[in-house]
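J.: Chain residues, written in single-letter form:
There are 2 protein chains.
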Amino acid sequence: MEKSAEDIFEGFKEHSIAEFFKRNKQMLGYSGKVHSMVTVVHEYVSNSMDACEDAGILPFISVRIKQLGDERYSISVDDNGPGVPKKFVGKALGTILTGTKFHVYRQQRGQQGIGAAGCTLFAQITTGKPIHVVSSTGENAYGCDISIDIGKNKPVVNNILPAERKSKGLSVQGEFEGIKYENSEKSVFEYLRRTALANPHVEIMFYAPDGKEYTFTRSVETIPSPSKAIKPHPLGISVNDLLDFARVSSSRKTSVFLSETFARMSSAKVQEITGIVGESITDKAPKDLDWASAESLIKAFKSVKWIAPDATAISSIGEERVKAAIDNILTPEYVYIVERKPQVLHGGIPFIVEAAIAYGGNSGRKSSEDEYTWNIMRFANRVPLLFDAGSCAITEAVKGIQWKRYGIDIDNRPVSIFVNVSSVYIPYSGVGKEAISKEEELVEEIRLALMDTARGLQKYIGGKQKVSAAKTRYRTLMNYAGQLSSDLSYLTKADKKEIERSLERLILKHYPKAKESDAELEEEKGA
Amino acid sequence: MEKSAEDIFEGFKEHSIAEFFKRNKQMLGYSGKVHSMVTVVHEYVSNSMDACEDAGILPFISVRIKQLGDERYSISVDDNGPGVPKKFVGKALGTILTGTKFHVYRQQRGQQGIGAAGCTLFAQITTGKPIHVVSSTGENAYGCDISIDIGKNKPVVNNILPAERKSKGLSVQGEFEGIKYENSEKSVFEYLRRTALANPHVEIMFYAPDGKEYTFTRSVETIPSPSKAIKPHPLGISVNDLLDFARVSSSRKTSVFLSETFARMSSAKVQEITGIVGESITDKAPKDLDWASAESLIKAFKSVKWIAPDATAISSIGEERVKAAIDNILTPEYVYIVERKPQVLHGGIPFIVEAAIAYGGNSGRKSSEDEYTWNIMRFANRVPLLFDAGSCAITEAVKGIQWKRYGIDIDNRPVSIFVNVSSVYIPYSGVGKEAISKEEELVEEIRLALMDTARGLQKYIGGKQKVSAAKTRYRTLMNYAGQLSSDLSYLTKADKKEIERSLERLILKHYPKAKESDAELEEEKGA
Chain A
1 MEKSAEDIFE GFKEHSIAEF FKRNKQMLGY SGKVHSMVTV VHEYVSNSMD ACEDAGILPF
61 ISVRIKQLGD ERYSISVDDN GPGVPKKFVG KALGTILTGT KFHVYRQQRG QQGIGAAGCT
121 LFAQITTGKP IHVVSSTGEN AYGCDISIDI GKNKPVVNNI LPAERKSKGL SVQGEFEGIK
181 YENSEKSVFE YLRRTALANP HVEIMFYAPD GKEYTFTRSV ETIPSPSKAI KPHPLGISVN
241 DLLDFARVSS SRKTSVFLSE TFARMSSAKV QEITGIVGES ITDKAPKDLD WASAESLIKA
301 FKSVKWIAPD ATAISSIGEE RVKAAIDNIL TPEYVYIVER KPQVLHGGIP FIVEAAIAYG
361 GNSGRKSSED EYTWNIMRFA NRVPLLFDAG SCAITEAVKG IQWKRYGIDI DNRPVSIFVN
421 VSSVYIPYSG VGKEAISKEE ELVEEIRLAL MDTARGLQKY IGGKQKVSAA KTRYRTLMNY
481 AGQLSSDLSY LTKADKKEIE RSLERLILKH YPKAKESDAE LEEEKGA
Chain B
1 MEKSAEDIFE GFKEHSIAEF FKRNKQMLGY SGKVHSMVTV VHEYVSNSMD ACEDAGILPF
61 ISVRIKQLGD ERYSISVDDN GPGVPKKFVG KALGTILTGT KFHVYRQQRG QQGIGAAGCT
121 LFAQITTGKP IHVVSSTGEN AYGCDISIDI GKNKPVVNNI LPAERKSKGL SVQGEFEGIK
181 YENSEKSVFE YLRRTALANP HVEIMFYAPD GKEYTFTRSV ETIPSPSKAI KPHPLGISVN
241 DLLDFARVSS SRKTSVFLSE TFARMSSAKV QEITGIVGES ITDKAPKDLD WASAESLIKA
301 FKSVKWIAPD ATAISSIGEE RVKAAIDNIL TPEYVYIVER KPQVLHGGIP FIVEAAIAYG
361 GNSGRKSSED EYTWNIMRFA NRVPLLFDAG SCAITEAVKG IQWKRYGIDI DNRPVSIFVN
421 VSSVYIPYSG VGKEAISKEE ELVEEIRLAL MDTARGLQKY IGGKQKVSAA KTRYRTLMNY
481 AGQLSSDLSY LTKADKKEIE RSLERLILKH YPKAKESDAE LEEEKGA
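Heads up: the sequence lines are chains A and B, in that order. Counting in my numbering, the first sequence runs from 1 upward without gaps. Counting in my numbering, the second sequence runs from 1 upward without gaps.
Hints may be right or wrong, so weigh each one.
For chains that are exact copies, the list does not tell them apart, and a pair is met inside one copy or across any two.
[What the hints assert, rightly or not] Derived lysine-lysine pairs resembling PhoX-like cross-links, with alpha carbons at most 20 Å apart:
(1) 471 to 509
(2) 299 to 129
(3) 471 to 180
(4) 3 to 459
(5) 13 to 154
(6) 212 to 228
(7) 438 to 180
(8) 287 to 152
(9) 212 to 459
(10) 180 to 228
(11) 87 to 3
(12) 33 to 66
(13) 438 to 33
(14) 466 to 3
(15) 253 to 154
(16) 180 to 212
(17) 86 to 13
(18) 3 to 228
(19) 13 to 152
Quick caveat, the hints were computed from the structure, so don't treat them as lab data.
All chains, full assembly: derive it from the sequences and hints.
T.: Dropping the structure here:
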């Protein structure tokens with residue numbers, strides 16, 4: 001029997017984003033018990049670091065996990081950041097898709113306004129409990145409980161009371177079920193270790209549920225300069241973006257609107273563009289721009305030359321800091337670091353790739369008792385990415401390198417590959433922000449950085465092998481030389497020591513590296 | 001200089017889900033030009049099939065793509081479904097997260113209420129144009145233009161006018177930029193080919209932008225019985241779910257609420273549960289249940305025995321239909337099909353895995369002029385999944401099989417592996433629904449199905465090899481037999497034919513398969 005359209009559409013209704021993610025929590029990173037625990041820690045720790053850096057404070061973060069039952073844990077994260085004003089705390093932690101971070105071209109770890117509210121949702125649907133917050137912005141500290149009215153995606157804030165807290169900061173505590181602590185490659189410990197690696201200015205204390213305590217000490221004492229909001233570059237926006245900006249502009253003329261809104265838009269450029277599209281467009285009020293006018297503006301943008309977007313708003317980690325952090329945490333035998341120049345995504349979004357390769361020490365991953373293999377440490381805006389490697393631009397770039405060509409037997413060597421992509425906008429492949437979308441421009445730029453690191457390591461391994469071959473021959477010949485000198489000395493009555501020295505000089509002529517080798521190695525390591 | 005919390009939270013605001021996906025369209029599958037085009041076709045075609053099956057109509061769908069400029073195309077999809085009533089059309093195509101499909105335990109292709117509205121958003125932000133709809137629900141046909149008020153996530157419906165359309169159905173047409181038609185493994189053509197494969201009751205016409213026309217003909221004439229909404233199984237719900245159901249219940253007592261809301265909840269079961277949790281809970285009004293009471297109910301659910309959830313609401317494709325479709329489209333030399341019994345995800349969500357392996361014919365993928373390799377065709381509720389294979393439970397299961405153990409050199413054989421997972425709830429790994437989350441229960445069940453198919457193919461290939469070895473020896477011996485008979489006949493004067501027949505009998509005793517082989521092969525093929 002056929003059913004009518006009316007029957008079918010009966011009960012048709014709109015749903016809240018909180019309802020959607022309640023039903024699809026795996027999309028936020030709540031899939032699997034170990035993974036879910038890392039997601040909670042990740043969301044809180046990223047928020048704390050963003051807040052501290054925003055406020056110009058060297059971050060000190062402590063993470064405390066207590067086991068309350070089989071698969072039930074309390075997780076709390078405490079920071080020394082600026083705190084959250086009482087009137088904003090509900091929105092910040094109890095509404096999905098809220099934040100300041102949404103429309104601003106500015107580099108931050110969080111960029112979606114989902115993370116911390118997602119934790120509240122996850123606590124609520126697994127244990128029915130609100131999260132508990134204590135915060136101080138410098139004056140009076142307060143505490144409160146926060147949950148989400150899921151059907152409406154609105155915060156429910158209860159038990160707002162004065163609290164004991166002497167210093168500024170935010171402490172968030174939640175109770176979660178269906179999660180698990182594990183000491184694996186994809187664990188909270190590893191997440192924090194990598195966070196420390198990419199953020200050497202952060203000090204992290206970790207109180208694990210098994211009673212162990214870890215400190216990841218700060219290895220540099222300067223805060224990365226706080227990220228600035230930048231004006232968008234004319235090449236990085238679409239027709240639709242242009243109209244969005246125009247709609248909220250209060251300028252009387254489009255020409256003024258252009259120079260006020262976009263980076264690199266000098267008055268000479270405005271004139272040049274007016275020359276292309278005509279005054280009928282640039283004299284219009286921006287509010288009156290229609291799609292066709294905006295489209296001709298965008299076309300004009302693409303036809304003129306621009307200075308590349310300003311990359312000063314992007315804060316990469318920096319070569320020295322990467323080196324300090326890798327030495328601190330991996331203590332490798334050799335490390336090679338590459339920081340590439342800023343590049344541009346979609347024509348207007350600046351990004352910077354940093355890559356490093358570390359060899360020996362604690363680099364790589366143990367594959368059996370005595371054997372090591374490689375691992376990748378992926379980062380986006382210094383946040384470690386532990387999951388969904390298969391969907392990530394970084395993995396794609398690593399796979400694109402023919403490591404054997406560089407004489408690097410990556411499968412059987414203690415090699416760690418470190419890649420950090422920094423940008424005001426990272427195109428994540430999913431809402432859970434666990435992988436960077438495989439955009440061609442990104443993959444290619446990462447590949448170039450990795451080729452550089454591969455050449456660095458090739459030189460080191462090559463040098464080591466050459467030196468070791470020379471050493472072996474030198475030693476063999478020197479063994480013969482000892483015996484030969486005795487025999488010659490016996491036959492010729494010449495001094496044995498004298499003959500030995502002559503022979504050694506002769507041998508060293510052929511294998512000059514064999515004796516200087518240690519010094520040389522040191523030199524190459526430092527290069 | 002330190003910044004205060006007030007400074008930081010200035011401008012803090014809530015954002016609409018439409019704004020979020022506008023900024024992160026790659027999360028909906030709009031990443032890459034070819035991929036983006038497939039996403040549009042996929043969303044419209046899935047909606048059409050759902051609508052037709054809901055209404056009990058054999059689907060006839062036509063897809064028309066026209067190139068309008070470099071990377072600019074018009075895509076239209078027309079169906080013979082029930083149509084969309086005028087008053088719902090704005091919500092259906094102009095609001096993200098709207099649908100009937102959200103809270104109902106029922107198998108459908110769409111389950112999120114994002115897809116078609118996502119296409120509207122994508123058209124709008126790439127070309128500024130609304131989508132154009134023509135629909136008839138049987139009475140008067142109408143046409144209109146739909147776009148989204150992105151800041152509010154509300155539909156904007158314009159130009160509502162009577163339209164010429166004789167039969168029921170829906171036609172949607174949109175103009176998109178930044179997309180590309182390509183004839184590759186991940187193309188619209190392949191998407192439709194696989195759709196036809198998993199939906200042999202659907203007839204699809206495809207008008208490609210290069211002027212070519214394709215028809216994927218219907219190979220079975222019966223509509224899969226329309227999916228029923230089922231009551232949730234007590235083992236498939238969380239404490240939070242139970243409270244959600246309780247909140248909207250009008251029952252006076254929890255005991256009544258339980259038997260009305262859940263599957264397999266007989267009055268004997270309600271009594272059993274009351275025995276465990278006490279009447280103080282089951283006599284309560286469901287609205288008054290708190291977390292603790294709900295938790296004890298859920299614990300009680302877990303401690304009693306249940307009949308498995310009803311899987312009749314799940315419509316798998318069915319062995320015969322899979323065979324008909326594979327024969328129709330791949331014309332393989334051999335095919336082996338497995339339909340597993342219904343299994344249960346998270347304790348209460350029924351799902352069914354179907355797998356097939358096809359060998360020869362158009363199976364597999366050409367890797368060079370004369371060489372073939374394998375491919376996987378992944379489906380969820382009969383919808384082909386072309387992207388993000390690395391994140392998918394099906395890929396994970398395929399990788400978990402040691403094909404060599406089954407004597408299948410999968411890398412160098414024309415093998416197609418077909419897997420379809422059917423359920424009232426598919427845990428997709430992302431909003432774009434391109435991969436099934438790697439949940440252990442799913443991966444394991446798919447692996448078991450694949451092992452079955454591997455054994456099937458092993459037997460076939462093994463048989464073929466044995467037969468072919470026997471045939472070779474038989475032929476070699478028979479060549480000798482000819483010469484030997486002549487020689488013996490010459491020496492003994494016995495009849496050459498007679499000797500030859502005796503020798504053949506002798507040889508056949510040892511290689512009996514060599515002559516029956518073709519018949520046998522046929523038999524094995526049919527098994």
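J.: All hints are to be evaluated individually against the structure, with a verdict given for each.
T.: Evaluated hints:
1. Taking CA atoms no more than 20 Å apart as the test, residue 471 paired with residue 509 passes inside one copy only; the shortest distance there is 13 Å, against 69 Å between copies.
2. Proximity of residue 299 and residue 129 under a CA criterion of 20 Å is satisfied inter-copy only: 18 Å between copies versus 53 Å inside one chain copy.
3. Taking the shortest Cα distances, residue 471 and residue 180 never come within 20 Å of each other, neither inside one copy (52 Å) nor across copies (59 Å).
4. When the C-alpha separation of residue 3 and residue 459 is checked against a cutoff of 20 Å, the pair qualifies neither within a copy, at 72 Å, nor between copies, at 47 Å.
5. Taking CA atoms no more than 20 Å apart as the test, residue 13 paired with residue 154 passes in both settings, with 18 Å inside one copy and 12 Å between copies.
6. For the homomeric pair residue 212 and residue 228, neither the shortest alpha-carbon distance inside one copy (39 Å) nor that between copies (52 Å) is at most 20 Å.
7. In this assembly of identical chains, residue 438 and residue 180 lie within 20 Å of each other by CA distance solely across copies; the values are 17 Å between and 31 Å within a copy.
8. Taking CA atoms no more than 20 Å apart as the test, residue 287 paired with residue 152 passes between copies only; the shortest distance there is 19 Å, against 32 Å inside one copy.
9. Taking identical chains as interchangeable, the C-alpha atoms of residue 212 and residue 459 are never at most 20 Å apart, the minima being 41 Å within one chain and 55 Å between chains.
10. Proximity of residue 180 to residue 228 under the C-alpha cut-off of 20 Å is found in neither arrangement, the shortest distances being 38 Å within a copy and 36 Å between copies.
11. For the identical chains of this complex, residue 87 and residue 3 are inter-copy neighbours only, at 18 Å across copies versus 51 Å inside a copy, given an alpha-carbon limit of 20 Å.
12. Taking the shortest Cα distances, residue 33 and residue 66 sit within 20 Å of each other inside one copy (15 Å), while across copies they are farther apart (47 Å).
13. When the C-alpha separation of residue 438 and residue 33 is checked against a cutoff of 20 Å, the pair qualifies only between copies, where the shortest distance is 13 Å, while the shortest distance within a copy is 27 Å.
14. For a Cα distance limit of 20 Å, the shortest separation of residue 466 from residue 3 qualifies neither inside one copy, at 80 Å, nor across copies, at 56 Å.
15. In the homo-oligomer, the alpha carbons of residue 253 and residue 154 never lie at most 20 Å apart, since the shortest distance is 39 Å inside one protomer and 30 Å across protomers.
16. In the homo-oligomer, the alpha carbons of residue 180 and residue 212 lie at most 20 Å apart inside one protomer (16 Å), although the nearest pairing across protomers, at 55 Å, exceeds that limit.
17. In this homomeric assembly, residue 86 and residue 13 come within 20 Å of each other (Cα to Cα) only across copies, at 15 Å, whereas the closest approach inside a single copy is 34 Å.
18. In this homomeric assembly, residue 3 and residue 228 come within 20 Å of each other (Cα to Cα) only across copies, at 13 Å, whereas the closest approach inside a single copy is 57 Å.
19. Taking the closest pair of Cα atoms, residue 13 and residue 152 come within 20 Å of each other both inside a single copy (13 Å) and across two copies (16 Å).
In summary, the numbered hints that this structure violates are 3, 4, 6, 9, 10, 14 and 15.
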